[in-house]
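With chain Y held as given, fit chains W and V onto it using these hints.
Just so you know, the sequences run in chain order Y, W and V. Throughout the first sequence, residue numbering follows this note's numbering, covering 1 to 293 in sequence. Throughout the second sequence, residue numbering follows this note's numbering, covering 1 to 335 in sequence. Throughout the third sequence, residue numbering follows this note's numbering, covering 1 to 312 in sequence.
Be a bit skeptical, because a hint or two may be false.
What the hints assert, rightly or not - Not the full set, but computed from the structure, chain Y residues with beta-carbon under 7 Å of chain V:
no., residue
1, F136
2, A147
3, A179
4, F253
5, I254
6, G266
7, V270
No lab work stands behind these hints, which were simulated from the structure alone. For each residue, glycine too, the CB sits at the ideal point set by N, CA and C.
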Amino acid sequence: MATTSTHAAPTARPRAAWPAVPGLRLPPTLLVGGVLLAVVVALAVMAPLLTPYGPLDQDLLNAKKPPSWGHPFGTDNFGRDVLTRVLFGARVDLLIGLVPTAITFVVGVSLGAVAGYFGGRVDAVLMRLVDIAVAFPFFVLLIALVAMLGPGLRNMIVAISLVGWISYARIVRGEVLVARQAEYVLAARTLGFGDARIIAGHLLPNVITAAIVFSMADIVLNILLGTALSFLGLGPQAPTAEWGRMIQEGRQFIASGEWWMTTFPGLAIVVVAVAFSLIGDGLADLLRVEDRV
Amino acid sequence: MTPPPILRVRGLETSFATSGGLVRAVDGVSFDVGPGEAFGLVGESGCGKSATCRSIIGLLPGHATTAGAVEFNGQNLLAATPEAMRRVRGAEIAMVFQDPMTALNPVARIGDQVAEAVRAHQRVGHRAARARALELLRLVGIPAPERRLDDYPHRFSGGMRQRVVIAIALAGEPRILLADEPTTALDVTIQDQILTLLVRLQAELGMSVVLVSHDLGVVARVCQRVAVMYAGQIVEQGPVETVLGAPRHPYTIGLLASLPGIAGRARYLRPIPGAPPSLLDPPSGCRFHPRCPFATERCPTWAVERLPVGPDHDAACWRQEAIAEESRLAAVGTT
Amino acid sequence: MDKLVFLGRRLLQLVPVAFGVTVVVFLMLRLIPGDPVRIMLGSRATPESIASLERNLGLDKPLWEQYLVFLGNLTRGDLGTSLLYRQPVRELVLERLPATLSLVAYSALLAVAITLPLAILAARRQDRPADQAVRVGTLLSLAMPSFWVGIIFMMFFSLRLDLFPVSGLGEGLSGRIYHLFLPSLTVALSLAAILIRSLRASLLAVARADFVDTARAKGVTERRIMVHHVLRNALISTVTILGVNIGWLIGGTVVIENLFAIPGLGALMLASISGRDYPMVQGITLVFAVLVVTVNIATDLTYAIIDPRVSL
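So that you can see chain Y by itself, here it is in the shape it has in the complex (with noise of 0.2 Å):
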């Protein structure tokens, strides 16, 4: 046993020690949005330290600057530092696409696994909802619902939160019916596993990969709903640093020139747009999910 383990160890360590590791070949996608992601979130994080002005400071003397070594975006009608708003902003835009996003895959994830499960009832029900949202244009939905529950951050997000469910309800309960009927859930059942563990252990994590894929896309939307309904007045409300709102502000000074008020909270949706894309992208590829979207 010694004598063949040494004789044999320069050759067989390899083989045993360094198994094929397929999920270090990460798509490129997910590396790059992964990586602007990672510096998004930092730069928010870390936006009291990166700047010398804070996001409300109002400096009149120095109003509607334009770009310059002192203020790189520039200054807004107030004389606030651009740069430093838009720092500010990415904490509110990155809680806009997220919260509502992780609200609703949590709801829809489990209403959909519920109904393609049960079937029947409950299944009719939700997909009469279903029929009965997307009747409405999704924005106007929203504004909607805004325009009742008062603006703010807080009723946006319970507004999207109110609505977005259904796309995950959609996306699981299509993957349940199809897994319902799949070997390892019928072996479930015979073996006397009950609905919640047959549910829960054996078809959530089997059909969920859509859901997390589709999240991506959803975080997207949910930013880019955000902002709009910030840039209609409907968001978080004055003086608040939120990309939709500098810009609804920035606005009625591009007559005069002044294009930086605008241009750089729009670049900085783009690029946290952007990074979820991607991250979706690649996820889509490394899980092998079909594009639902």
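Chains W and V in isolation, oriented as in the chain Y frame:
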């Protein structure tokens, strides 16, 4: 005297670039097809018979490369420009495909699909093309064709669709008809009707037919000459009666033995053991040697060549004399 | 004939949806925290005006009765009365509808005009630089908020190059085409990105179909194969994608109308929100839903007409 061949395939090599490497699906295939002759290409799936067929008419996917020559009308089709090749397709060489359920455009009317083939090569108006389409549908035996012209493919059964595909192939009055497993996807009774139609059309129109099939019975019904393919190469070729009646190559013998109808009189009453080799890395020498019951140690190194057996009959086996003798003795012994 | 049966069946399926839509619109008012009447009237609130509005809206009756009244009014085409304009909501909505409809139609048209050449280019040059460029373009287009794109367009095309007006509808058909070009292009870009992705994928899938080989074996030109066989089949699934996304497009017009000062439904909706004119918001939401449902029916019908396999 036999007339000169209308199609001459010489040293055809067709390769596909895959993630695993270069797959040489067709490796040095040569054969002739005479005017008005029906020529069969048989072999198991993956032996390169379909790739041969598609190489002739230039319908290979983008990742394929070809070498060798396909001579037609004094022209090497493998070197023809895309436009020259387009003029040949349909007008000189036409093709019938395996699956009639997918070979027709689902959103175009039958009459239009046949008329499109007519107008691809003839300067005729819409009405004339439609009239010709009607004539063609009648020729291939579609009942009441004047009422079916404006129907869509999904209204037709599989057999009727294959008749339409044949009508499309005939529209340009081609001199050669390539038929790639034309009956494989059909019910047995329908298969028979389509074969009868092909035999009739070949006789009536005097065109040459290249029939690709895995089914020796189908080839025997339609063809005068046959080539047996194995692992991208032709292993035996000759008139249908001699190749099927007195096969010389062990693979042909095995293929015949695995046929339930003919097996009764042969000694090798079983399917050929093993599976066809990977074309990424084919066996050396005779590619059949790992599965061959007659193989000797010389077979893995033998430089394969097709050795003449009789008039217009050759086989790529250096032991063919001995094998023929053995088979004869075995046949005598069993009867 | 059977297409008519199809349409009838499709309309019948709508009954529960229409019912649900009215329930949602009706209940929207209940989301208002506190006393909706007080909030609606704001500074205009007096005991008399509160009582009269409550009676007007039927808020003194039980909920189910209120709903029946609401439904009854709807069937007579009565969408309620605007608190702000003191006019029937229906009249105000009908006045603004044409501007929104032209914006939607114009955007859809532009989106298709952008999609066709780019999707065909990308599919024909799969994985080559042109395809990569189109893919990056669609990725960016989907990542850009339309209101921001609109502002960039304004700054560049209107203020810098002075090519297009920054706002308004214009006079006559040509004026409208001219004035609505930038807003429509803005809306069209994001729709085009979705359509290009979908059409490119279907073109690549159809190009592998057996019937394309049949067409090629006929000796038909590549151009004809692309148009008559590949594109014709690939467009069928894209029509569905277009139909689904017109719902998004209709929603998107609200922001764009606001940005380009187009007097359409969306602009009216936002004005009503800031004026706390809730009956108006309800009415407009309902009309938007009717628009989406109409587009969906039209899509299904188009699908049934262009795909002969739809057995009706």
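Structure-based check of each hint:
no.	hint	result
1	F136	holds, 5 Å
2	A147	holds, 4 Å
3	A179	violated, 24 Å
4	F253	violated, 11 Å
5	I254	holds, 5 Å
6	G266	holds, 4 Å
7	V270	holds, 5 Å
The structure fails hints 3, 4 (numbered hints given earlier, in ascending order).
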